[in-house]
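> Keeping their order, the protein sequence lines are chains A and B.
Be aware that the first sequence starts at 89, since it is given in our numbering, and climbs by one per residue.
Be aware that the second sequence starts at 89, since it is given in our numbering, and climbs by one per residue.
In case anyone wonders, no lab produced these hints; they're calculated from the structure.
Owing to the predicted nature of the structure, the values given are computational and were not obtained by experimental measurement.
One should not assume that every hint holds.
Said to hold, decoys possible - Here are a few chain A residues that sit away from chain B, every Cβ distance over 12 Å (derived from the structure):
1) 193
2) 309
3) 392
As the list claims (entries may be wrong) - Listed next, the in silico DSSO-like pairs over lysine-lysine satisfying Cα-Cα at most 27 Å (straight line):
4) B/385 with A/179
5) B/294 with B/306
6) A/299 with A/324
7) B/372 with B/324
8) B/328 with B/297
9) B/179 with B/192
10) B/375 with A/179
11) B/294 with B/324
12) A/385 with B/179
13) B/179 with A/375
14) A/375 with A/324
15) A/152 with A/179
Heads up, the beta-carbon is just placed ideally off N, CA and C, and yes, glycines get one too.
Each chain, letter by letter, is given below.
There are 2 protein chains.
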Amino acid sequence: MKTPYFVGLDVGGTTMKAGIVDDQGQPLASVTLPTEAHRGQEFGLERMCEAIRQAIASAGLNLKQISAIGVATPGTMDIPAGLILDPPNLKPWRNVPVRDHIHKVFKLPTAFQNDANAAAFGEFWAGAGRDVNSLVLFTLGTGVGCGIIIGDLVVQGQHSHGAEVGHMKIEISNPRQCGCGRWGCLEAYASATSVVNRANEALSPKGVKSKLRAYQNKEGGLTSRDIFDVAAEGDKLAEKIVEDTAFYLAVGATNMMHTIDPDMIVFGGGMMAAGDAFLERIRKHVKELAFPVPAEKTIICYAQLGNDAGFIGAAACGRQIFSRRN
Amino acid sequence: MKTPYFVGLDVGGTTMKAGIVDDQGQPLASVTLPTEAHRGQEFGLERMCEAIRQAIASAGLNLKQISAIGVATPGTMDIPAGLILDPPNLKPWRNVPVRDHIHKVFKLPTAFQNDANAAAFGEFWAGAGRDVNSLVLFTLGTGVGCGIIIGDLVVQGQHSHGAEVGHMKIEISNPRQCGCGRWGCLEAYASATSVVNRANEALSPKGVKSKLRAYQNKEGGLTSRDIFDVAAEGDKLAEKIVEDTAFYLAVGATNMMHTIDPDMIVFGGGMMAAGDAFLERIRKHVKELAFPVPAEKTIICYAQLGNDAGFIGAAACGRQIFSRRN
Numbered sequence: 089m090k091t092p093y094f095v096g097l098d099v100g101g102t103t104m105k106a107g108i109v110d111d112q113g114q115p116l117a118s119v120t121l122p123t124e125a126h127r128g129q130e131f132g133l134e135r136m137c138e139a140i141r142q143a144i145a146s147a148g149l150n151l152k153q154i155s156a157i158g159v160a161t162p163g164t165m166d167i168p169a170g171l172i173l174d175p176p177n178l179k180p181w182r183n184v185p186v187r188d189h190i191h192k193v194f195k196l197p198t199a200f201q202n203d204a205n206a207a208a209f210g211e212f213w214a215g216a217g218r219d220v221n222s223l224v225l226f227t228l229g230t231g232v233g234c235g236i237i238i239g240d241l242v243v244q245g246q247h248s249h250g251a252e253v254g255h256m257k258i259e260i261s262n263p264r265q266c267g268c269g270r271w272g273c274l275e276a277y278a279s280a281t282s283v284v285n286r287a288n289e290a291l292s293p294k295g296v297k298s299k300l301r302a303y304q305n306k307e308g309g310l311t312s313r314d315i316f317d318v319a320a321e322g323d324k325l326a327e328k329i330v331e332d333t334a335f336y337l338a339v340g341a342t343n344m345m346h347t348i349d350p351d352m353i354v355f356g357g358g359m360m361a362a363g364d365a366f367l368e369r370i371r372k373h374v375k376e377l378a379f380p381v382p383a384e385k386t387i388i389c390y391a392q393l394g395n396d397a398g399f400i401g402a403a404a405c406g407r408q409i410f411s412r413r414n
Numbered sequence: 089m090k091t092p093y094f095v096g097l098d099v100g101g102t103t104m105k106a107g108i109v110d111d112q113g114q115p116l117a118s119v120t121l122p123t124e125a126h127r128g129q130e131f132g133l134e135r136m137c138e139a140i141r142q143a144i145a146s147a148g149l150n151l152k153q154i155s156a157i158g159v160a161t162p163g164t165m166d167i168p169a170g171l172i173l174d175p176p177n178l179k180p181w182r183n184v185p186v187r188d189h190i191h192k193v194f195k196l197p198t199a200f201q202n203d204a205n206a207a208a209f210g211e212f213w214a215g216a217g218r219d220v221n222s223l224v225l226f227t228l229g230t231g232v233g234c235g236i237i238i239g240d241l242v243v244q245g246q247h248s249h250g251a252e253v254g255h256m257k258i259e260i261s262n263p264r265q266c267g268c269g270r271w272g273c274l275e276a277y278a279s280a281t282s283v284v285n286r287a288n289e290a291l292s293p294k295g296v297k298s299k300l301r302a303y304q305n306k307e308g309g310l311t312s313r314d315i316f317d318v319a320a321e322g323d324k325l326a327e328k329i330v331e332d333t334a335f336y337l338a339v340g341a342t343n344m345m346h347t348i349d350p351d352m353i354v355f356g357g358g359m360m361a362a363g364d365a366f367l368e369r370i371r372k373h374v375k376e377l378a379f380p381v382p383a384e385k386t387i388i389c390y391a392q393l394g395n396d397a398g399f400i401g402a403a404a405c406g407r408q409i410f411s412r413r414n
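Sequences and hints are given; from them, build the entire structure.
Written as structure tokens, this is what we have:
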């Protein structure tokens with residue numbers, strides 16, 4: 089039997105990345121193209137096909153050697169229908185039949201999945217979670233992305249809203265407003281954006297002293313990276329922001345331990361630059377927040393695949409539907 | 089092929105209920121015996137066997153007509169090992185090998201599951217959820233029990249702590265203490281116990297007027313049932329307690345919509361006596377708290393099996409392992 093290869097395509101607001109992955113989840117080659125969503129969805133669909141073709145070529149393969157394709161995109165979406173609906177990061181796309189189009193062009197089994205779910209499946213298959221039975225991935229960036237994997241089940245939900253854990257409410261009496269417009273969401277506390285917002289708030293009283301003041305006036309303003317760096321230098325205000333962030337993430341992790349109770353909670357995204365000391369802070373809070381057994385046994389670690397997780401996980405989705413048929 | 093029958097046994101702190109269930113989830117007969125946990129775990133195991141024997145006899149069957157047994161117990165437990173560990177409701181039991189004992193006595197495939205998970209599986213198989221693909225059940229009583237079913241998967245977790253959603257944190261800045269000793273858990277807001285506690289707090293300032301005052305001095309004190317009854321009569325204070333409870337339950341439901349995104353959220357337990365008006369209040373809050381698609385599409389309803397859900401779901405667990413082998 090020939091070795092099966094899979095194509096994974098991870099479509100983002102700015103770029104899309106397509107890669108070839110072998111049956112063990114190892115990437116052979118990948119290409120990145122600009123998404124240019126503003127050029128419209130017809131262009132977008134053709135760009136996706138182009139990325140897939142270039143990835144196959146750059147791996148030195150031809151289409152006949154590919155067993156299946158997986159495509160991951162940001163929401164909103166209808167996963168079973170293979171449709172992108174009205175994604176805020178891909179304007180002006182609307183009701184784009186991604187899966188059917190890709191299937192028609194390449195005539196291969198084609199899977200479709202949410203990008204955060206795909207990233208979790210990638211880490212599960214070939215990254216941090218390769219030796220566990222279940223995991224929850226939090227991806228910390230502008231927002232808080234999440235994916236949940238239990239065995240070979242990607243928890244995509246009945247209405248394509250599974251694992252929208254960034255929008256789980258963790259505060260009801262005095263909630264922060266979230267980017268989604270609602271109140272008290274985890275994302276309003278634990279995203280990189282929230283780290284910056286909370287630092288700016290803490291700096292707003294005039295008497296407050298912190299090295300962070302110097303960063304507020306630089307081009308682009310304060311970043312979460314600045315805050316973690318300055319905290320590491322011992323700045324009290326920055327230190328407090330980092331500690332609070334670890335607490336909020338521990339609340340998110342605990343809520344998943346008391347819902348999914350996975351083998352492993354994985355943190356990915358830009359905040360990983362904060363290093364092991366940050367992870368240790370999260371673990372310390374989890375020990376106080378969670379029941380003793382999951383608090384002790386759940387592995388809490390960083391992601392390993394970086395921004396390859398999306399296309400590797402998309403390929404894993406393609407492989408999953410291929411396996412069901414073979 | 090003969091019709092398979094299954095025994096389900098639901099062990100509680102006060103009583104245990106064993107029943108015979110057919111292949112469609114319909115109960116044929118059931119018996120209830122006192123648990124008498126204080127008499128020790130050897131006695132408890134023999135009482136379980138007795139309940140199973142009596143249930144079989146009362147259905148007019150014999151052991152040869154039974155295909156599998158399922159046993160559900162309260163936590164703490166190690167589900168894969170078939171062990172009750174150190175359950176607060178079954179003192180002084182400790183490290184009780186329930187599954188192996190039942191298996192040895194009856195020589196039948198025997199499943200073991202958490203009681204709240206079993207109740208959810210019962211509602212899924214033969215109750216409110218019989219026509220859906222996934223559900224989350226909240227059982228409202230002294231605590232907030234929860235079970236999560238996705239397809240044929242009972243989300244029991246990697247460390248037997250799946251669906252402990254009563255201990256999901258919904259408040260971090262000014263949290264109530266939970267019966268578990270931790271802070272800000274859903275159960276501290278939405279259990280029947282919390283309904284009473286919040287009413288007593290609201291009544292503590294002397295000037296506050298409410299019909300509920302009359303109930304505080306009755307034998308056993310105020311109950312959640314009193315509060316719902318008096319609210320229905322238009323008492324403002326009681327009305328506020330009920331409205332807050334609906335909000336807290338809507339937060340719990342929303343957090344599950346943004347994690348599991350099930351077809352259906354089911355509420356069971358004593359609070360069902362509050363009727364459809366209470367469910368309507370929960371639905372109204374969900375519309376404001378959740379994303380539009382799950383808010384619109386997720387069915388929110390009451391449980392249908394009452395306290396038969398546990399043994400029917402336990403039987404479903406037995407049937408599940410029987411099916412895997414046949």
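> Verify the proposed pairing of residue 299 of chain A with residue 324 of chain A, using a straight-line Cα cut of 27 Å.
Judged against 27 Å, a Cα distance of about 9 Å means the pair holds.
> Would the pair residue 375 of chain B and residue 179 of chain A pass a check requiring their Cα atoms to be no farther apart than 27 Å?
holds, 26 Å
> Can we confirm that no CB of chain B comes within 12 Å of the CB of residue 392 of chain A?
holds, 20 Å
> Need the status of pair residue 179 of chain B, residue 192 of chain B: alpha-carbon distance at most 27 Å?
Satisfied, since the Cα-Cα distance of roughly 24 Å is no more than 27 Å.
> Taking only the CA atoms, is the gap from residue 294 of chain B to residue 306 of chain B under or equal to 27 Å?
holds, 18 Å
> Below or equal to 27 Å on CA atoms is what counts here, so check residue 385 of chain A against residue 179 of chain B.
Given pair residue 385 of chain A, residue 179 of chain B holds - Cα atoms ~25 Å apart, limit 27 Å.
> Does residue 372 of chain B pair with residue 324 of chain B here, judged by a C-alpha cut-off of 27 Å?
Since the Cα atoms of residue 372 of chain B and residue 324 of chain B sit roughly 19 Å apart, the hinted pair holds (cutoff 27 Å).
> Is it true that the CA of residue 385 of chain B sits at most 27 Å from the CA of residue 179 of chain A?
holds, 25 Å
> Please settle this one: residue 193 of chain A was flagged as non-interface, so is its CB more than 12 Å from every CB on chain B?
holds, 29 Å
> Taken at face value, is the distance from the CA of residue 179 of chain A to the CA of residue 152 of chain A at most 27 Å?
Not satisfied, since the Cα-Cα distance of roughly 34 Å exceeds 27 Å.
> May I ask you to check that residue 309 of chain A keeps its beta-carbon over 12 Å from the closest beta-carbon of chain B?
holds, 26 Å
> Are the Cα atoms of residue 375 of chain A and residue 324 of chain A separated by 27 Å or less?
Given that 27 Å is the threshold and the Cα spacing comes to 24 Å, the pair holds.
The earlier numbered hint that this structure contradicts is number 15, and it is the only one.
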